[in-house]
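Undergrad: Read off the chains here:
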Amino acid sequence: MAEVILENICKTYGNNFRAIDQLNLSVKDGEFLILVGPSGCGKSTALRMIAGLEDITSGSLRIGGVDVVDMPPKDRDIAMVFQSYALYPHMTVSENIAFSMRLAGKPKAERKKRVDEIAKTLQLTSLLDSKPANLSGGQRQRVAMGRAMVREPAAFLMDEPLSNLDAKLRVQMRAEITSLQKQLGVTTIYVTHDQIEAMTMGDRVAVLKGGVLQQVDTPKRLYESPVNAFVAGFIGSPSMNLFEATLTGDELMSGTFAIRLQDAAFVRRPGLKSYAGRKVVFGIRPEDLYDSSLESGRKYQTIPAKVTSIEELGSEHIVHLNIDGVRVDSGDPDAVQDFGLTSNAVARFEPDSAVRSGSAIRLALDDTKLHFFDPETHLAI
Amino acid sequence: MTRQKRSHHRLKRAVAPYLYLSPSLLIIGLLMLLPMVTVIGYSFQNSAVLRRDPSFAGLKHYQAIFADPVFWASLWHTLYFTCMSVVFHMTIGMVFALMLNSDRINPTLRNILRVLYILPWLFTAVIIAVIWRLLLEPNGVVNSVLMQMGIIGSKVEWFSSPETALHAVTFANIWAGYPLFMVSLLAGLQGIPKDFYEAAYIDGAKAYQKLIFITIPQLMPIIISISLLDFIWTMQVFPLIWITTGGGPIYSTEVLSTYTYKLAFSSYNLSQASASAVVILLISLGLTLFYIRYQKAR
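Chains Y and Z supply the protein sequences, listed in that same order.
Take the first sequence: its position 6, counted from the start at 1, is 6 in my numbering, and no numbers get skipped.
Take the second sequence: its position 247, counted from the start at 1, is 247 in my numbering, and no numbers get skipped.
The shape of chain Z in the complex, shown without the other chains:
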């Protein structure tokens, strides 16, 4: 091979990976990076989108949202909604996964439970919202059952009362989201070698000791990965809250996504909405970086 041919061959080998990557990079650039940069730009402009020649606003919109008590309430609601959802998704998912993995349950029953437990995952956010609005109506099934059991004395307006609304939407979101954990943890449980449990059994380990010393440490990579992903996704939940409560009553279920949406499409304050969106982006970015670092560390 001549020197010229060899250098041509080397150039082709060096360029080839980038050629393969270019279509996906182009799509990501157009559909994600460009809108992101545009929104960041809007957050520093006055009357963004609405005027042809918006003026530079500096950090004015950021100062405005940080001074807005509704923003802080939304941030707190978002954190409550997200943390409770992730913790309960994980707990319920783990309990159901352990049940489905247990050989003490009849295999037929296990298959039926597997289908039943995974059902919430099959519904879209809109259907879930409609189901829970119907169930939690003042005249709905939940109130009637709780009253018959004597747990509540009178009908509760779950989605309409500021005291209960946030808990109610969180509950609906927990119900909708645990199957992801259940399926992932079940796959993890099935991958734990039986020998580990047998060795522990010979050593005299009780059931809870097997759970603490073997099962949970073995599932830890899955628990951390799925929890971080769930945290990122749940922080951005919009349709469930929008359809059930719309962020109300009196901002009691306002989360960052509904707060931003209202700023943009109810108040038409697109600049401030952009600033709020950038705050959401920064929080998500922080979590994503944490997730990537964790994955790399593994």
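Just chain Y, same shape as in the assembly:
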């Protein structure tokens, strides 16, 4: 077990493309850190640099206090779980798990003992003689974990290990990996583009965009206090609704509606006053919007909106809306999917909401949950 410290790590490719820019990250001993971001943000590149599969252009990388920048992967005391699991199809489960020990020339008896121990932990004992082709997705995933565990590494590196599983199995495996990590207490760096995995599995989450680290924090703080509009938009599903407005006195004016702000909003954010008479970006999460016709929405101020479509999920309704305001792009490519082409906002209503597609409604919003960002820099105010 060890601490993993990245200092000013940069990765520049031959065509001068900078995949990682000045990445500083400190992963504590035994911590479960999630690297998250949209496709192409450099999260896998960062992980591969830690593994030693990609050269580090500049910066320092220490694992367990040892500078490993010039070390080959085998000497870094890490183990990696690949997105594809990288299980050798011609080897049995047992041979796959024992592969690194076989390479290291460990005696057969020692290999068998260790494989049996791991198989027991991962409930793979009955499958040790099977080939990967005969296993289910979840079983393959566990074999990949076993292959990483057999090395007893100082750190686990996991590159989107659940992305090949179906939705139900993914939920199950999320819990399994989390509890296994807690049980083993091994420092783990886990890459994903799925922010639900990021929020549910990690002790801390590092959000990357365009090779630049945006924020590292606990899932709760990322959700409640995003440092910029990108993090605000990326964390949470569906994404936070971001609109441009003009701050006039204690009112946010946007299109044909106004939102009155309480004094507490200015007390919590002293910087907000300096935006008086200027444009500001405000954000509100879909779960902080309510159907004003229901009891839950009655206590909040309302704005006009038109329902464009509804996704009835049973436990809740995801309601796509059109609000008379200018939507702000957070820079998260997945946000487009949340909003669709005809709507510019999304809300999560209770399942007893009776709103219908095409109807004009009054949308209630909890103004204490508003987030504010600078319109130029998109930094949180």
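There are no misleading hints in this set.
Computed cross-link-like contacts, DMTMM-like style, restricted to lysine to aspartate or glutamate with a CA-CA straight-line distance of at most 20 angstroms: (1) Z:Lys-194 / Y:Glu-160; (2) Y:Lys-74 / Z:Asp-195; (3) Y:Lys-279 / Y:Asp-263; (4) Z:Lys-210 / Y:Glu-95; (5) Z:Lys-206 / Y:Glu-54; (6) Y:Lys-168 / Y:Glu-312; (7) Z:Lys-206 / Y:Asp-77; (8) Z:Lys-210 / Y:Asp-75; (9) Z:Lys-206 / Y:Asp-55; (10) Y:Lys-306 / Y:Asp-288; (11) Y:Lys-182 / Y:Glu-31; (12) Y:Lys-74 / Z:Glu-198; (13) Y:Lys-299 / Y:Asp-250; (14) Y:Lys-273 / Y:Glu-251; (15) Z:Lys-206 / Y:Glu-95.
In case anyone wonders, no lab produced these hints; they're calculated from the structure.
Got chain Y; can you put chain Z on it based on the hints?
TA: Frame of chain Y; chain Z shown alone:
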């Protein structure tokens, strides 16, 4: 739908596949099965083809060829020629495929090598025979280079000496045939996921361990399939040997195909030639069955 209509529909569905197959079955029957059965028939007749009413000979022609030392020499030469060809086709093909798949070689050089390595495949057997006859002539380039390098002291008559002729034709055949392996193995190499190598690299695998534990097992289905096909094809090679040595000198390059050809068209002993052809057919059939069983097992 009435019962009559339903049964008519079922009959049409049952017959349709055979109707689709019938043209190819007809062609195979006429061009392959019929000649094969005829040749098998000839092998049991005296003076087959030459007489209108050939008499039944039983196993006489088979006994004759099995008693002929040239037949056994031909069989041994065929096996040597085939085994050496397949082993070297595979080895050279593998080495070149690994080179062409390596990202350590400059991409431009890799493309040039790809064209160069595949060149032998573009030539017909006759051209290959002519090229190697010219190169291996006593006054040819090969002798001159080897003498200059001090490897041989005097000119060697590669195709005319009984000691070297079989090795020389085998060498020419190896040169002509490795590109099939190279191309097939290269396609196989490109299909091996990079993750396998990266996972092994993290586990501390050295280059030779990656080759033994990942590359070769992953290529094994291709290696076995192509080796079996190559074995079947090489056993039947005729033009290369016929043009370079004609089976000589003193039967030193006689293989089953040239032996059979000579029986049929030099000695006009078509019955014995048919018996020899049937022996070739049986060996090929055995290998083909093995190949089909392997393919089915996969």
